[in-house]
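Trainee: Chain residues, written in single-letter form:
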Amino acid sequence: MIKTDILIIGAGPTGLFAVFEAGLLKLKCHLIDALPQPGGQCSEIYPKKPIYDIPGFPEVLAGDLVTNLMEQIKPFEPGFTLGERAQTIDKQEDGSFIVTTNKGTKHHAPVVVIAGGLGSFEPRKPPIANIAQFEDKGVAYIIREPEVYRDKKVVIAGGGDSALDWAIYLADIAKEVSLIHRRKDFRGALDSVEKVEELSKIGKINLITDAEVTDLQGENELENVVITHKASASEKEIKETDYFIPLFGLSPKLGPIADWGLEIEKNAIKVDNAYDYQTNIPGVYAIGDVNTYPGKLKLILCGFHEAAIMCQSAYQRIFPDKKYVMKYTTVSGVSGFDGSKKEAKKEVVKSIN
Amino acid sequence: MSDIKITIIDREGEAHVVDAPTDMNMNLMEVVRSFELAPEGTVGICGGMAMCASCQCYILNFEHMLPEQSIEEEDMLDQAFFVQDNSRLSCQIPITEELDGLEVKLAPEAP
Ligand SMILES: Cc1cc2nc3c(=O)[nH]c(=O)nc-3n(C[C@H](O)[C@H](O)[C@H](O)COP(=O)(O)OP(=O)(O)OC[C@H]3O[C@@H](n4cnc5c(N)ncnc54)[C@H](O)[C@@H]3O)c2cc1C
Ligand code: FES
Numbered sequence: 000m001i002k003t004d005i006l007i008i009g010a011g012p013t014g015l016f017a018v019f020e021a022g023l024l025k026l027k028c029h030l031i032d033a034l035p036q037p038g039g040q041c042s043e044i045y046p047k048k049p050i051y052d053i054p055g056f057p058e059v060l061a062g063d064l065v066t067n068l069m070e071q072i073k074p075f076e077p078g079f080t081l082g083e084r085a086q087t088i089d090k091q092e093d094g095s096f097i098v099t100t101n102k103g104t105k106h107h108a109p110v111v112v113i114a115g116g117l118g119s120f121e122p123r124k125p126p127i128a129n130i131a132q133f134e135d136k137g138v139a140y141i142i143r144e145p146e147v148y149r150d151k152k153v154v155i156a157g158g159g160d161s162a163l164d165w166a167i168y169l170a171d172i173a174k175e176v177s178l179i180h181r182r183k184d185f186r187g188a189l190d191s192v193e194k195v196e197e198l199s200k201i202g203k204i205n206l207i208t209d210a211e212v213t214d215l216q217g218e219n220e221l222e223n224v225v226i227t228h229k230a231s232a233s234e235k236e237i238k239e240t241d242y243f244i245p246l247f248g249l250s251p252k253l254g255p256i257a258d259w260g261l262e263i264e265k266n267a268i269k270v271d272n273a274y275d276y277q278t279n280i281p282g283v284y285a286i287g288d289v290n291t292y293p294g295k296l297k298l299i300l301c302g303f304h305e306a307a308i309m310c311q312s313a314y315q316r317i318f319p320d321k322k323y324v325m326k327y328t329t330v331s332g333v334s335g336f337d338g339s340k341k342e343a344k345k346e347v348v349k350s351i352n
Numbered sequence: 000m001s002d003i004k005i006t007i008i009d010r011e012g013e014a015h016v017v018d019a020p021t022d023m024n025m026n027l028m029e030v031v032r033s034f035e036l037a038p039e040g041t042v043g044i045c046g047g048m049a050m051c052a053s054c055q056c057y058i059l060n061f062e063h064m065l066p067e068q069s070i071e072e073e074d075m076l077d078q079a080f081f082v083q084d085n086s087r088l089s090c091q092i093p094i095t096e097e098l099d100g101l102e103v104k105l106a107p108e109a110p
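These protein sequence lines map, in sequence, to chains V and H. With numbering that gives the first Met the number 0, letter number 70 in the first sequence gets 69, and the count goes up by one each step, no holes. With numbering that gives the first Met the number 0, letter number 80 in the second sequence gets 79, and the count goes up by one each step, no holes.
None of these hints come from the bench; they were simulated from the model. Careful, some of the hints might be misleading.
Said to hold, decoys possible - Covered stretches of chain H, going by a simulated chain V footprint (3 or more residues, C-beta under 8 Å):
(1) 15 to 24
(2) 74 to 82
(3) 86 to 98
To be verified - Cut-off 25 Å, straight-line C-alpha distance, at most; resulting in silico cross-link-like pairs (PhoX-like, lysine-lysine):
(4) V:K229 with H:K104
(5) V:K252 with V:K124
(6) V:K252 with V:K297
(7) V:K124 with V:K200
(8) H:K104 with V:K265
(9) V:K90 with V:K102
(10) V:K321 with V:K2
(11) H:K104 with V:K252
(12) V:K238 with V:K200
(13) V:K124 with H:K104
(14) V:K25 with V:K345
(15) V:K151 with V:K105
All C-beta atoms, glycine included, are put in the ideal place defined by N, C-alpha and C.
Using the sequences and the hints, build the whole thing.
Mentor: What follows is the structure, given as structure tokens:
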């Protein structure tokens with residue numbers, strides 16, 4: 000069981016900055032994120048795009064903002080559970096919480112902060128009517144263990160980088176690899192596209208373009224995919240396969256948090272406006288894009304502000320008898336849990352006469 | 000500049016005739032959002048960067064008036080579901096006077 004003062008669900012910019020604000024109050028944080036890397040939307044959707052409205056940064060790449068946030072919170076030694084989705088929350092008798100992920104990792108903390116943004120990023124599933132029935136019975140949306148596909152027949156669908164990369168990778172492992180794509184053009188890196196073409200020419204990848212998988216067949220396990228070609232939509236091609244792997248990117252979904260008994264409005268968690276961003280469950284806070292209140296703005300700047308306010312309230316919840324007075328970092332400096340200390344020299348502050 | 004009338008058929012099939020301003024640098028996705036024609040979080044996830052396809056719509060008329068598809072839009076539609084020949088990403092359609100009378104239908108939400 001992982002124990003911490005504040006458990007943060009979501010390692011986007013809001014969750015990351017909350018680690019810093021909590022650290023100033025000597026509170027330890029642990030973060031859970033469904034993605035394999037921190038940074039939320041900034042890392043997953045637009046790492047190479049410049050952001051122009053971060054105070055003090057006329058322009059900063061979203062990816063660099065995340066790198067800087069990671070650097071800023073390093074002294075506070077946050078723990079991370081990455082690649083796992085927070086699934087359930089259980090309130091304990093003493094008012095603390097146990098949050099368990101989809102992989103069974105348990106986290107225990109007196110305060111839980113949901114900084115889940117638009118939700119956890121989940122694979123986009125193609126709208127094939129019976130697809131759910133074959134999940135884990137031949138259908139997979141993520142390739143975790145490539146060896147599973149050794150000497151098997153695999154059908155991959157999609158036209159982006161991950162479809163191309165995995166088709167290339169599995170061409171050496173699987174008995175047969177088919178890559179099905181809706182158009183003739185692929186939108187991946189040029190050398191991957193060329194490699195796929197090359198492998199297709201020598202028969203290592205069976206390239207099927209202008210076509211879609213529209214149905215799946217099988218008794219208990221997947222046995223065939225049904226392919227519809229653009230040119231002859233009425234004629235269906237049936238292809239025998241062991242696995243079908245649709246790779247159409249990720250999209251955020253509020254997911255299991257929606258079932259935690261939290262008040263939800265417009266796909267976001269209701270919090271008490273501008274007081275401390277607590278939800279209807281005492282001890283559970285929601286900050287950043289995931290919350291809503293009158294006048295809410297979904298901006299990184301607002302997530303940072305909410306993180307600072309939330310931490311003051313969380314401190315009072317954890318230490319009801321202690322009084323904490325807000326200090327400026329310019330005056331008090333920053334003392335990391337790793338023994339590091341940052342402090343301005345006193346003489347750099349001009350005196351006010 | 001004045002407002003223009005656009006008909007937007009929501010995902011439940013209900014038609015809404017809305018007045019869209021031409022002087023606010025808006026795109027069609029933002030119009031859909033500002034009139035709350037789809038639940039929050041289901042249209043415009045990427046903020047209008049042709050990176051999510053949540054704003055996909057079908058153009059029911061006036062196709063010739065629309066700006067050409069960029070490579071980014073083509074690529075995204077290529078990854079999207081429920082795509083038809085008249086599919087466009089509404090975030091890539093700026094509101095201009097030429098679009099007066101446009102009729103569109105929101106594509107179903109991706110599963
Ligand atoms: C294309 C684009 C451009 C943008 N440009 C700007 C801009 O210029 N300026 C600006 O201020 N904002 C901009 N934004 C918005 C900005 O990215 C968001 O406001 C910001 O990312 C919100 O941060 P967050 O930490 O609250 O949530 P997110 O960044 O969404 O992070 C939430 C994290 O929580 C994780 N998560 C959710 N649920 C779970 C769960 N159950 N278990 C585990 N993990 C979970 C998700 O995987 C995700 O990593 C832009 C957004 C997009 C998409
Ligand atoms: S809003 Fe994401 S593609 Fe249009």
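Trainee: None of the hints should be skipped; say for each whether it holds.
Mentor: Each hint, compared with the structure:
no. : hint               : result
1   : 15 to 24           : violated (count 0)
2   : 74 to 82           : holds (count 6)
3   : 86 to 98           : violated (count 0)
4   : V:K229 with H:K104 : 23 Å, holds
5   : V:K252 with V:K124 : 12 Å, holds
6   : V:K252 with V:K297 : 16 Å, holds
7   : V:K124 with V:K200 : 30 Å, violated
8   : H:K104 with V:K265 : 21 Å, holds
9   : V:K90 with V:K102  : 19 Å, holds
10  : V:K321 with V:K2   : 21 Å, holds
11  : H:K104 with V:K252 : 23 Å, holds
12  : V:K238 with V:K200 : 20 Å, holds
13  : V:K124 with H:K104 : 22 Å, holds
14  : V:K25 with V:K345  : 23 Å, holds
15  : V:K151 with V:K105 : 35 Å, violated
Checked against the numbered hints given earlier, this structure breaks hints 1, 3, 7 and 15; the rest are met.
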